[in-house]
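Using the hints, position chain G against chain F.
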Amino acid sequence: MELQLGLALPTPPPFDTNGSCSSSSSSSGGGGGTKKRRCFDAESRVGVVPKTLHLLVWNTDRSDDGDEPRDLDDNSFSSVVLNEEEGLVGWPPVKAWRKKPRRHNGRPNNNRTAAPMNSCGGCRASNSTYVKVKLEGNAIARKIDLSVHHSFESLTATLMTMFDISDEHQQKSFKLAYQDRDGDWLLAEDVPWRTFIRSLKCIKLIRSRSC
Amino acid sequence: MQKKRAYSFPDEVLEHVFSFIQSGKDRNAVSMVCKSWYEIERWCRRKVFIGNCYAVSPKMVIKRFPEVRSIELKGKPHFADFNLVPDGWGGYVLPWIVEMAGAYPWLEEIRLKRMVVTDESLELIAKSFKNFKVLVLFSCEGFSTDGLAAIAAGCKNLRELDLRESDVDDLSGHWLTHFPETCTSLVSLNISCLGSDEVSFSALERLVGRCPNLRSLRLNRAVSLDKIANILCLAPQLVDFGTGNYTTELQPDVLSNLTAAFSSCKELKSLSGFWDVVPAYLPALYPVCSRLTSLNLSYATIHSPEIIKLVSHCPSLQRLLVLDYIEDSGLEALASSCKDLQELRVFPSDPFGVEPNVSLTEKGLVSVSLGCPKLQSVLYFCRQMTNAALVTIAQNCPNFTRFRLCIIEPKTADYLTGEPLDVGFGAIVEHCKDLRRLSLSGLLTDRVFEYIGTYAKKLEMLSVAFAGDSDLGLHHVLSGCESLRKLEIRDCPFGDKAILANAAKLETMRSLWMSSCTVSFGACKLLGQKMHRLNVEVIDETEPPCSRLESCPVDKLYVYRSISGPRSDMPPFVWTMDEEGDNNSNQKDFFFLDMFVRNNHYISNSL
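Chains F and G, in that order, are what the protein sequence lines are.
Once you know that position 33 of the first sequence is 33 in the numbering used here, the rest is easy, because the numbers rise by one and skip nothing.
Once you know that position 36 of the second sequence is 36 in the numbering used here, the rest is easy, because the numbers rise by one and skip nothing.
Next comes chain G alone, as it looks inside the complex:
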């Protein structure tokens, strides 16, 4: 029978229609409708998001989407932020840049998270993409200010350079001088992570002065307070500003200049920075406070009274990041002043202290949950919690999308009843039907996982530490959480059974991380052999897992789905379990050689 295309539009029309569809998920759905839509769609896809750079190869991406203008890549697992992923693990962006340099000459945007970027990669970017506009390096490492100089010099139309939280080898502040005088296109510049004490301030001022579209500027700690007024006067159109250190010698002029400078910024909505705050200068912010929607005080070592004063001037605040110096009293004040609050993050000022140094308890969070009906996203570090508080919070805030609670001491029970916090977290997942991200802490049994498996149907990311009793806990999660994409677990008594019983589930997820659990080497091998679309990687820095018994637990396990097979850039301490058994292209021998060189005494003892 002849195929009729009676209802089809010309391709150009479809392409035009598709151009209104920006979301990756929707685009994926479009491409599944039929072959011709697949073809049309792939030629006009401009933006690609790759949540795990090892899930697919650059060549495959390029083959399917030949005309990409914007790419986002993520590398290391989330727990790399907390030093659980050894250096040299991987996440190199260079192979991607090399391929894209040839295939995407019109690439405009590169956004990377937790990847290793080298100066060579940056130089290649500067050379290869004539219309390059946006570079975001979020928590990346491996490059220096020399690479930045190449970007500054080479990218004539650069709009965005954002180095947030990256680890940059800061050789010299003079890289800023590499922006040519003709560069006037900057819209966003975030250099807050740079350590250099010699940021070329005059170059920065000139740059800011000649970029009339600059909307977001985040300075680094080295820039002192007296310099800020000048910058703000050069860029009164700023919407987002990050100060440097908020200190200088107490002089009368500084405060008035600063206040005047802030007053001239009529569009300013977001502030951050605030290292080393001298409270006497905080009033300079008052002119902008009423418009502020986002305030990041998480580096500011100011105490509750000063925080309260500042925050009570900010009725429009939607997002607050702050240290636990705010204390319960400050959170109460926040709850009464800031009714539009959507996101709250409270960080520990003394994470390793044994005794609490501030009076911040579960009560603070309860006040905020009561006073701020729009609260959706919480990250809260504290030292005590009760089931009752969690239940109250859950009932007050059924709209939570992200709830991350970190009770600093592992396995802390409900301090009033001595019970595990299962019921409290159970209430969270039961009431918050849209919960997408959850981090657990405190004393927890398998029960909490039963609740999670039963109720958390929209949960996409779960972080677990020092919790559970048995494999049943993990089984509840893997079998119940339908939307689960990322699961990261450390120090839990979860072993082989749950993983092997739910092996197929792992293919529906982006990744699973398990460290210091009881998954055996044998189970890892089995998983790797049976599941061909999973990369099962075992990380062990002390000795190759194959040198031990099959029943021995592995140190760290990282399982992720991939259509490009096992990766070939693994360091000696990472083994992939695949059809051929446990493999590392840098064989066992290299491992011993490497370890020998590094730790010769230790090895000679163990042999």
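Chain F on its own, in the form it takes in the complex:
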């Protein structure tokens, strides 16, 4: 397969045209990437694939040799970018939240369970180790880097300092709560640290008297 001029990339990871591009087939009008362009599928993944992978792609009108890229001479030189589900990025030009009028179900990188009108940009929260933390009664949220903490004790201590709660008695009156990926609010004391870390979306310090 010839590579596009000058975009000197190594041999792309083994790429199964039938498997990875799934139902919308090799190229065609499929379009619209997600903001996080992941690699094609588990089988073809070799390490982490960069966000854009330039290949000389097979032609846009399907022929039976779907695997053969079209000749450069053919005037459809486009270096199209493939992403995990459809052919072309950003084509057809529909905004992210229009892609499917029905609800999404569990896109892997979309933290929200709600409708596709929230664009598929779950990218912000996914890779970052920073989470939002709020103090009950305080309108302004802060952010905390979870990667430096390995226990509830150290996390709580940092939070107390962050929110200036120095009085021990006051400190005891707060409980640590968190919202998980499903949107439910839970008490941190009920779960092991590892569960907490893996499933949390954001944290709140709530007063421990009954609400």
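It should be emphasised that the hints constitute simulated quantities derived from the structure, not laboratory data.
We put the beta carbon where it would ideally sit given N, CA and C, even for glycine.
Be a bit skeptical, because a hint or two may be false.
Here are the computed lysine-lysine pairs in the DSBU-like style, where the Cα-Cα straight-line distance is at most 35 angstroms [as the list claims (entries may be wrong)]: (1) K374(G) - K143(F); (2) K374(G) - K339(G); (3) K35(G) - K95(F).
Listing some non-contacts, in silico: residues in chain F with all C-beta distances to chain G over 10 angstroms [claimed, not checked]: (4) A141; (5) H150; (6) E168.
Below, chain G without anything else, positioned relative to chain F:
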């Protein structure tokens, strides 16, 4: 010789006269008359529109216009809507807010489009502007409901909060409770983009109930149908209403309550929302249909018969947004019922499907063009087209100002003749002398660009994809389209020659975007070096362009005019070509480091 000001009025009089001139263009003309008019005008300019936030710096704006009350800013290029602009590209509003917080304590309105807004920015707005009234965040991102809470709590005279199509980190629906009980000033509230399933409905009801001037309310999907009747009864003065999801369990009361609620809204002219529609509830809308001028059904997965029923009750309709479920038959019905139609947008229900799932073809658009003489603005997604249809449409609708056609499969020819669609689009530009915006699709050669360059003298924005044969195509456009401001191109065989030959033209435009074309790195460098009032930015996420040969094509190119020089907030994957060569303040090394961390396997393979 002494300068005589024999004909001049006192400054206050001139200022008073100028206050009747609202349009930015006219104001700019006024300021060019003479020095004294320039001075008077700049002190009384209250409203500034900045189409590209990087074209000028906040300090420059503040220096020239010290008493601004309303500002509008746009950030990312249009193709960012389709994921062509990588995250982190830029468009940050915070630097603007910081400067304005000091310089414009009486700022009342901020309107942003495609910008990155953070909670910090929102908090700063809430704190800094005592008389803040209007916040419109159109297709923005980067903020959460916490920032909204700060706005709600801090802006005592808030009139408008419009989050249309923004990407909000929805942490909690309780931000609505931050509107104090004393807040009664709301005129417009658009929260349709919010995803939260727990919008504090009681807070919303109380808010709506105490704002007698509320004219526009757009709810989000989470609000179910049974709740709408209550809201409408609290605000019968609404002119524009966006429902939440239009579904609930089929119960007898809901329909009658809803119908009664809609009946009480005598001013209602515009409807939107309609997620998850249960058709049985559509008749509740009939009381308002005769007055409706705008209807957005673009989320409604209802089919042609139901759409036809609804639309035939709406003779005053001027604007319709709908999914292609409407089909050709529905468009024919539209053409016979809605003679006042000015704007039509038909969106694809299944944009990635290979085979058509609905019977929507060029015929639908032809019917509408025939039946609706006032049609001016079209956005149409379909899967087939002919030159003949386009010629007919052009002849029927010489008043088009916006024509955007998207044939879903790239490079689709006229399906009857097999020819390119050059002649069809040529007819559009030839007949529609006031055309300001055009989007092309289908199989197109350099010919279509020749037509465009020849006829489209008022064209301001052109979008091109998978079209053309050579640089000549681009040259026709750049040399012929006198009014061109924005040009965006993807996947076309346009290279260096047209750009370099028309470099001066680029300074008369707001911006040029080219991605997946054949513009070489060397040409970008040359352009950046020679044209000091252009920012030439190359976007490449795989490796720095300078690591390749000069003749290599760049992945994405964004060129825009600017009087504030290259920007300093570029991410590692954006390079600016300027006098000193290709630059990024986050140098090459950072780039490799960044890429290494993200894609370590890939990089180690390529080195």
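Now for the hints, and whether the structure bears them out:
no.: 1; hint: K374(G) - K143(F); verdict: violated (53 angstroms)
no.: 2; hint: K374(G) - K339(G); verdict: holds (8 angstroms)
no.: 3; hint: K35(G) - K95(F); verdict: violated (46 angstroms)
no.: 4; hint: A141; verdict: violated (4 angstroms)
no.: 5; hint: H150; verdict: holds (22 angstroms)
no.: 6; hint: E168; verdict: holds (28 angstroms)
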